[in-house]
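Undergrad: Single-letter residue listing:
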Amino acid sequence: MNILHSLADRDRVFDFLVPARSPVDVRHGPILYVEDVTVSFDGFKAINDLNLTIDDGELRCIIGPNGAGKTTMMDIITGKTRPDSGSVWFGSRHDLLAMSEPEIASLGIGRKFQKPTVFEALTVFENLELAMAADKRILPTLTARMTGEVRDRIEEVLATTGLVATRHHPAGILSHGQKQWLEIGMLLMQRPRLLLVDEPVAGMTEQEMERTAELLTSLAGKGKQSVVVVEHDMGFVRSIARTVTVLHQGSVLAEGSMDQVSRDPKVVEVYLGADPDEEAA
Amino acid sequence: MWLTRPFRERSTQLFLGILLAALATVTLLNLMLPAGHPLHVSTYTVTLLGKYLSYALLAVAVDLVWGYLGILSLGHGAFFALGGYAMGMYLMRQIGDRGTYGDPVLPDFMVFLDWEALPWYWLGFDMAWFAFLMVLLAPGLLALVFGFLAFRSRVTGVYLSIITQALTFALMLAFFRNEMGFGGNNGLTDFRELLGFDLRSDATRLGLFLATGIALALGYVLCRAIVASKLGRVSVATRDAEARTRFLGYRVERFQLFVFVVSAMLAGVAGALYVPQVGIINPSEFSPIFSIEIVLWVALGGRATLYGAVIGAILVNYAKTVFTGVMPDAWLFALGGLFVLVTVLLPKGIAGLLAYRLTPRRLKRKPAAQSSTPGEASA
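Chains as they are written, first to last, in this note's numbering: chain B, 1 to 281; chain R, 1 to 379.
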């Protein structure tokens, strides 16, 4: 129900034209600053003095045991949850804590939820068309025409997500993995600057995981999107991550490359003394 | 132009072709052949067909909201009846002093009730343009207010169906009251002229039949245009995953309201064309059973196809005419049985069967993941 509510709350999001590229100031490098953030629910500190910086174009993986505060952190960045203290900045100009959920979304932060929801009766192409940043009032929607520009953008995303061959298939017949990619594609249609991806490979086959790894790696980059992936699957994280952040009890336990992190004694201890790789398997 | 898009679709061309050919055939068989000829279509039959066509337009309106927007309205009879009453009021005013009581202004039933003057809401209905405007505005406004309240509160699904039933039931009770000034349970009848044409003449009846056919064609094209537009795709998205559509930034409740109001207006037009052909409008058109029956036509014909609604409405009403002639008591059983049979054997209705028969065999297989479709993407 909570997810339903959070979705329903956001109906004012894109009521106006989203600028093609949001005016985020990344001259200093990072696109997201999370500083000294603390949140508690009924006395329980879900996030405790969390500090996190994501560079523009970076691909960052966030791992951590259940209850480490991963989802709460996403909720704070997207404006769904307000922290008790601390600050969250998008680029060096936008204070996310002073903005509403719709404003944050239209500024260019896209979030993919765990369970994919695509429009099953519509084709892949139409799904992307509906997701596109456009004037979403009634009359412009009624009279909307398929311009070359729109078509090019859709083709571009189809190519990025590897769904070119399925473009005229109803989304309902796609495999689980393809639905996840379509959902990522629908996020891309809105031209986000920062993508928050929650457990993208849950329930995927080995090959689908590989494809997803390629996709997420290709999305991140200078002049493209920054991508933050929350994932449990260690093998997957190892295959895509350049930098890994380990969360534990609401704060950052370790940060660095996968090798550094998995040798860190604190991390090993948190994962019950087990090697993270084995724990995941 | 979004409005002309349907004319380029083969299915719409086919539909319009068949409809216009049927209209022309009926007209020719009615006018050209002598009354005794076995192929002669009597004026009685022409009017009966005209009634079916107005039902077909009503079914198209219901299919637009139910098939494409997922709103199961069990109260569309109310919009149909309101359009009918607007037309009926105009026709009543046209009677003038030729009524039984000979009052130049007041309709017979008002004289009978000892009313002194015309109620304010009857003013203006002596003018055709005003009455025809009301045919659109009365159902449109009701749908606007009702839909605004319902969709803003995110009432959908079964609950919405139930309140649409309540809506039409409440209107039925209200219109049954003599004090409402709509003729009570007798309704409005004894019509004479429409735009100066004698309603009892054969030519006018044929003209009404043709007008209904053309209204059906235009209504169909309008619905196709909406369905084939991006707004139509947003509707389907709303039908299947409302919260997700909202999340994409569409103000879902406004889209629902827009389509609902358009549908209600179409239903009103259907009612306005129905009334002069059957010669009476009374509160029974508001009855909840009638609204459920409309949904049955659409379900039988095939939901979310539009042409299925037309087929369903005509077939069921033809069956009703035949059945109620032969075995009046058995009709409801036959309707129920038909509905059960179709639900079990033809879940996509008659249109689903047609589509299956007409689809080449190679397309019936689930498309393989590799079968890339070259060429243009759907516009």
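For the record, the hints were derived by calculation from the structure and aren't laboratory data. Using N, Cα and C, we set each Cβ at its ideal position, and we do this for glycine too. Among these hints, one or two may not hold up.
Claimed, not checked - One side only, chain R facing chain B, incomplete, derived with CB under 10 Å: (1) 169; (2) 244; (3) 304.
Claimed, not checked - Covered by chain B, according to a simulated footprint, are these stretches of chain R (three or more residues, beta-carbon under 8 Å): (4) 32 to 39; (5) 235 to 242.
Undergrad: Against this structure, judge whether each hint is valid.
TA: Hint check results:
1. At its closest, the beta carbon of residue 169(R) sits 30 Å from a beta carbon of chain B; the interface hint therefore is violated under the 10 Å criterion.
2. Hint status for residue 244(R): holds, given a least beta-carbon distance of 5 Å to chain B, under 10 Å.
3. A cut of 10 Å between beta carbons decides the hint on residue 304(R): the least distance to chain B is about 9 Å, and the hint holds.
4. Counting residues of the stretch 32 to 39 of chain R whose C-beta lies closer than 8 Å to any C-beta of chain B gives 0; at least three are required, and the coverage claim is violated.
5. Given as covered by chain B, the stretch 235 to 242 of chain R passes the check, having 5 residues with a CB less than 8 Å from a CB of that chain where 3 are the minimum.
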